[in-house]
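Here is how the chains run, residue by residue.
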Amino acid sequence: MTSLRDLVQEARATSDYRALIEAIPYARFLGFSFEPREGELLGRMAFAQHVVGNARVGALHGGALGALMELTGAFAVLHEAEALTVPKTINITVEYLRQAHFEDTYCRAELVRKGRRVVNVRLTAWQSDEKKPVTAAVAHYLIDPGETTAG
Amino acid sequence: MSDPQRAAFLAMVQKHLVDTVPHNHAIGMKLVELGVDSCRFTIPYSETLVGNPETGVMHGGVITAFIDAACGAAVIAALKGLRRVATLDLRIDYMRPAAPRREITCHARCYRLTKNVAFTRAEAYLDTPEELVATAAGTFAIFDEPATARKEAQK
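Chains as they are written, first to last, in this note's numbering: chain A, 1 to 151; chain B, 152 to 306.
Okay, chain B solo, but in the shape it has when bound (with noise of 0.2 Å):
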């Protein structure tokens, strides 16, 4: 792919993953780079997700759900086209906790692609990588239609 092509690229998936997602939507998520068979993410520290009062960290839930949707971002990235995938499993180990007022950033590579089934690895931080939040494995399985054909198809 050449830059312009990665440029749009990354557009429809910002627009395809984040934009018309809600969830993703609401906490915050955008997307920084995209690469080959990876991506970055980085979602904004809020006081609406905020999981203890007292220390104003943010919920562990919300790095699943940012976990979850950026290791789905690597598996499009790898397939290079918007396709359905599914997640069949996801684990997350908590290393710490987020610290409050500051950004998230999530990197996502899939690192094994088959035809039916994806392997992910994540990894959540703070400023770096060395402040890390949490790791994650999760595997997806992958659908022969593309992402926008479902409804379609079932019809």
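In isolation and in its complexed conformation, chain A is listed as follows (with noise of 0.2 Å):
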């Protein structure tokens, strides 16, 4: 099997991140994929029933948003930040702005502050129209800075 480590720097590499999402049950499981280009960073959820907050009014579930963001955050940390280890959740704030309907979501991460233990990141997601964010969050990773490519 191949390790987690051997996933992360192939992805990074290639920018394909399909084998290690593969890896990771949770991001199976929320239907989540990442995809960075040109500069970008960029996840999304796909819509299914499980990640249904209200099915009466039509609207995702706001801890299924959360987890969205905090995984295309970890992403992003992994792909800019060259540390080997996946990278550790500080601590997350969420601010929901809209409702989300049943539609995929998208995710922008961008990373404010990349210090040498310590990334912060902000958060933009939405649906169909970017302009309308559906939820935004702030959020800081740990990540080791014994295990980077460089060291």
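Possibly wrong hints are sitting among the right ones.
[As the list claims (entries may be wrong)] Simulated restraints on C-beta separations: (1) B:283 x A:49: 31 to 39 Å; (2) B:247 x A:103: 48 to 56 Å; (3) B:156 x A:18: 51 to 59 Å; (4) B:162 x A:82: 45 to 53 Å; (5) B:231 x A:132: 33 to 41 Å; (6) B:266 x A:2: 49 to 57 Å; (7) B:231 x A:117: 16 to 24 Å; (8) B:263 x A:2: 47 to 55 Å; (9) B:156 x A:9: 57 to 65 Å; (10) B:205 x A:102: 32 to 40 Å; (11) B:152 x A:117: 43 to 51 Å.
[Stated by the list, open to error] Straight-line alpha carbon distances no greater than 30 Å define the calculated DSSO-like cross-link-like pairs of lysine-lysine that follow: (12) B:231 x B:181; (13) B:166 x B:266; (14) B:181 x B:166; (15) B:266 x B:181; (16) A:132 x B:181; (17) A:88 x B:231.
Calculated directly from the structure, the hints in this document are not laboratory data.
We put the beta carbon where it would ideally sit given N, CA and C, even for glycine.
Using the hints, build the complex out of the two chains.
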């Protein structure tokens, strides 16, 4: 079996995260995909019945949206911060702006400050209209400075 | 509320907030205790929710969804009835990773309830509150309509 470290290295080198996501049960459960391109760090959660929060009003679950943001942030840190271990979430603050409908949800990550140990990430999620975000978040991730590719 | 009334309310909250909420049901939430302004839920360990296949620990996102739902339930408990509530914001601090193959408990409390907004705090832990996995603070908007009446109200 390929180790997680190899999968991380492979994914970062090729920007193809499918094999790594396949190895993480929760990312599969969430229908998560991650496609970094041209400096954009973009995550996506496919619509599925089990991420529904309120079937009556047609809304996705706030927790699933939080999880999408947390995962996108972690993958963005993994992609940019050169650490080979999976980043640990220190904290996340999610703001709920609009109801999320029964559609795929996209999430963009922006690494605001990349420290040696701590990375600050800003996240925005939307559905059909990027100008109408459904959630926003700020999160901190811990990376292991001893585990970088450079070191 | 008398004991039978409380038991009936607990069953109703379990049905309304877990059994009919696909995502809460998918992560295996179970309501074990409902206080006047608080609640306690558990989720079992699940292989499908693992975030790190090398350690077998469930992903933080599971905790996020769990705490969000528990805080919402604490607001329902404080309101003493089913009303529609929506999360405004939720901050979660991860103290330590959850342990593999162990259930997680979340205790949430609504410590201030106003006409339109509710303030909550929550802790997620393993067997005892000393084995803290995460702490959280969430605020919720409270809507006038009952939880089931929205579609009718929109017509």
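Here is what the structure says about each hint:
1. B:283 x A:49: 31 to 39 Å: At roughly 33 Å between Cβ atoms, residue 49 (chain A) and residue 283 (chain B) fall inside 31 to 39 Å, so the hint holds.
2. B:247 x A:103: 48 to 56 Å: violated, 35 Å
3. B:156 x A:18: 51 to 59 Å: Since residue 156 (chain B) and residue 18 (chain A) have Cβ atoms about 52 Å apart, the given range 51 to 59 Å holds.
4. B:162 x A:82: 45 to 53 Å: At roughly 52 Å between Cβ atoms, residue 82 (chain A) and residue 162 (chain B) fall inside 45 to 53 Å, so the hint holds.
5. B:231 x A:132: 33 to 41 Å: holds, 35 Å
6. B:266 x A:2: 49 to 57 Å: holds, 56 Å
7. B:231 x A:117: 16 to 24 Å: Given about 46 Å between the Cβ atoms, the range is violated.
8. B:263 x A:2: 47 to 55 Å: holds, 50 Å
9. B:156 x A:9: 57 to 65 Å: With Cβ atoms ~59 Å apart, the hint holds.
10. B:205 x A:102: 32 to 40 Å: holds, 34 Å
11. B:152 x A:117: 43 to 51 Å: 50 Å Cβ-Cβ, so the 43 to 51 Å window holds.
12. B:231 x B:181: At roughly 19 Å apart (the allowed maximum being 30 Å), residue 181 (chain B) and residue 231 (chain B) satisfy the hint.
13. B:166 x B:266: Holds, at about 25 Å.
14. B:181 x B:166: holds, 10 Å
15. B:266 x B:181: It holds: about 28 Å lies between the C-alpha atoms, which stays within 30 Å.
16. A:132 x B:181: This hinted pair is violated, its Cα atoms lying about 34 Å apart.
17. A:88 x B:231: Judged against 30 Å, a Cα distance of about 38 Å means the pair is violated.
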